[in-house]
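Asker: This is what each chain is made of:
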Amino acid sequence: MADKTLDAKGLNCPLPILKAKKAIGEVPMGGTLEILATDPGSVADFEAFARQTGHTLMESTQDGGVYRFLIQRAA
Amino acid sequence: MDTAGQQKPNAKSMSIIVTKGTLDWAYPPFILATTAAAMDVKVSMFFTFYGLPLLKKKLDLQISPLGKPDMAMPMMGMHMKMPNLVAAIPGVNAAATTMMKNLIKKKGVASIEDLREAAVDSDVEFIACQMTLDLFEFDKKDMIDGIKLGGAATYMERALESDINLFI
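First to last, the sequence lines map onto chains B and U.
Position 23, counted from 1, in the first sequence is what our numbering calls 23; the numbers after and before it change by one each time, with no gaps.
Position 110, counted from 1, in the second sequence is what our numbering calls 1110; the numbers after and before it change by one each time, with no gaps.
This is chain B alone, in the form it adopts within the complex:
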């Protein structure tokens, strides 16, 4: 169970990333943020976001047009 869930469904680039940036600051260090999105571009974008910010992209899955990402906040 993630510490926080961000529903970014229906939002287009760059909103899922901008909202994730804000939301990750609201989970404890080492805690996890779950993001739900429908933007297909968010798959590559969350990989890049994690690489550049030091947070860890733990899971990236897709289910019926909804992408789910699990990001662990850098300690």
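Calculated from the structure, these hints are not laboratory results.
Among these hints, one or two may not hold up.
What the hints assert, rightly or not - Each computed BS3-like pair below joins lysine-lysine, with the alpha-carbon atoms no more than 25 Å apart:
no.: 1; chain 1: B; residue 1: Lys19; chain 2: U; residue 2: Lys1101
no.: 2; chain 1: U; residue 1: Lys1107; chain 2: B; residue 2: Lys22
no.: 3; chain 1: B; residue 1: Lys22; chain 2: U; residue 2: Lys1106
no.: 4; chain 1: B; residue 1: Lys9; chain 2: U; residue 2: Lys1107
no.: 5; chain 1: U; residue 1: Lys1107; chain 2: B; residue 2: Lys19
no.: 6; chain 1: B; residue 1: Lys22; chain 2: U; residue 2: Lys1081
no.: 7; chain 1: B; residue 1: Lys9; chain 2: U; residue 2: Lys1105
no.: 8; chain 1: U; residue 1: Lys1107; chain 2: U; residue 2: Lys1012
no.: 9; chain 1: B; residue 1: Lys9; chain 2: U; residue 2: Lys1106
no.: 10; chain 1: U; residue 1: Lys1042; chain 2: U; residue 2: Lys1056
no.: 11; chain 1: B; residue 1: Lys22; chain 2: U; residue 2: Lys1105
no.: 12; chain 1: U; residue 1: Lys1105; chain 2: B; residue 2: Lys19
no.: 13; chain 1: U; residue 1: Lys1068; chain 2: U; residue 2: Lys1081
no.: 14; chain 1: U; residue 1: Lys1068; chain 2: U; residue 2: Lys1105
no.: 15; chain 1: B; residue 1: Lys9; chain 2: B; residue 2: Lys19
no.: 16; chain 1: B; residue 1: Lys19; chain 2: U; residue 2: Lys1042
no.: 17; chain 1: U; residue 1: Lys1057; chain 2: U; residue 2: Lys1141
no.: 18; chain 1: U; residue 1: Lys1020; chain 2: U; residue 2: Lys1058
no.: 19; chain 1: U; residue 1: Lys1101; chain 2: B; residue 2: Lys9
no.: 20; chain 1: U; residue 1: Lys1101; chain 2: U; residue 2: Lys1057
no.: 21; chain 1: U; residue 1: Lys1068; chain 2: B; residue 2: Lys19
no.: 22; chain 1: U; residue 1: Lys1042; chain 2: U; residue 2: Lys1020
no.: 23; chain 1: U; residue 1: Lys1056; chain 2: U; residue 2: Lys1020
no.: 24; chain 1: U; residue 1: Lys1068; chain 2: U; residue 2: Lys1148
no.: 25; chain 1: U; residue 1: Lys1081; chain 2: U; residue 2: Lys1058
no.: 26; chain 1: U; residue 1: Lys1012; chain 2: B; residue 2: Lys22
no.: 27; chain 1: U; residue 1: Lys1107; chain 2: U; residue 2: Lys1081
no.: 28; chain 1: B; residue 1: Lys19; chain 2: U; residue 2: Lys1106
no.: 29; chain 1: U; residue 1: Lys1105; chain 2: U; residue 2: Lys1057
no.: 30; chain 1: U; residue 1: Lys1012; chain 2: B; residue 2: Lys19
no.: 31; chain 1: U; residue 1: Lys1148; chain 2: U; residue 2: Lys1020
Fit chain U to the supplied structure of chain B, relying on the hints for placement.
Answerer: Structure of chain U alone, referenced to chain B:
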């Protein structure tokens, strides 16, 4: 804004010269600035010439299909390109702007107002070109709070210190 103690592996910086103020061309600089800030990049935006009005408190952005053979708007399952002769008719700009704003809303794309607010919230630096302000007789009072005024040397100092410099 970053919470104290949050890791910042990305100590890079970017400058963007913003020269265009139409609804379509306002997107690339604000999208890149906000996204870079979200990736811990320090961002400065220098607003000059037709980009300067993007700092006005009240935005009234328009697009024009005139002279834009590359602009293809989706319409009834097709893409519509407008001949210049049609685009020149009064009212076409307003209609195209309305159409674009509807698309933006429908596709979940952020408004320029929202992106600008996100940029302010993430400490993106806004520099207004003093010369443009004088040239086009704009008043700083009509611009949003927190902007700096500066000229080419102010921009150049940012550019010389930045890892990425864009002209849009």
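Asker: All hints are to be evaluated individually against the structure, with a verdict given for each.
Answerer: Consistency of the hints with the structure:
no.: 1; hint: Lys19/B - Lys1101/U; result: holds, 22 Å
no.: 2; hint: Lys1107/U - Lys22/B; result: holds, 22 Å
no.: 3; hint: Lys22/B - Lys1106/U; result: holds, 24 Å
no.: 4; hint: Lys9/B - Lys1107/U; result: holds, 11 Å
no.: 5; hint: Lys1107/U - Lys19/B; result: holds, 17 Å
no.: 6; hint: Lys22/B - Lys1081/U; result: violated, 39 Å
no.: 7; hint: Lys9/B - Lys1105/U; result: holds, 14 Å
no.: 8; hint: Lys1107/U - Lys1012/U; result: violated, 32 Å
no.: 9; hint: Lys9/B - Lys1106/U; result: holds, 13 Å
no.: 10; hint: Lys1042/U - Lys1056/U; result: holds, 23 Å
no.: 11; hint: Lys22/B - Lys1105/U; result: holds, 22 Å
no.: 12; hint: Lys1105/U - Lys19/B; result: holds, 17 Å
no.: 13; hint: Lys1068/U - Lys1081/U; result: holds, 8 Å
no.: 14; hint: Lys1068/U - Lys1105/U; result: holds, 23 Å
no.: 15; hint: Lys9/B - Lys19/B; result: holds, 11 Å
no.: 16; hint: Lys19/B - Lys1042/U; result: holds, 18 Å
no.: 17; hint: Lys1057/U - Lys1141/U; result: holds, 9 Å
no.: 18; hint: Lys1020/U - Lys1058/U; result: holds, 17 Å
no.: 19; hint: Lys1101/U - Lys9/B; result: holds, 20 Å
no.: 20; hint: Lys1101/U - Lys1057/U; result: holds, 19 Å
no.: 21; hint: Lys1068/U - Lys19/B; result: violated, 33 Å
no.: 22; hint: Lys1042/U - Lys1020/U; result: holds, 22 Å
no.: 23; hint: Lys1056/U - Lys1020/U; result: holds, 14 Å
no.: 24; hint: Lys1068/U - Lys1148/U; result: violated, 33 Å
no.: 25; hint: Lys1081/U - Lys1058/U; result: violated, 30 Å
no.: 26; hint: Lys1012/U - Lys22/B; result: holds, 19 Å
no.: 27; hint: Lys1107/U - Lys1081/U; result: holds, 20 Å
no.: 28; hint: Lys19/B - Lys1106/U; result: holds, 19 Å
no.: 29; hint: Lys1105/U - Lys1057/U; result: holds, 21 Å
no.: 30; hint: Lys1012/U - Lys19/B; result: holds, 21 Å
no.: 31; hint: Lys1148/U - Lys1020/U; result: holds, 19 Å
Hints 6, 8, 21, 24 and 25 from the list above are not met by this structure, while the remaining hints are.
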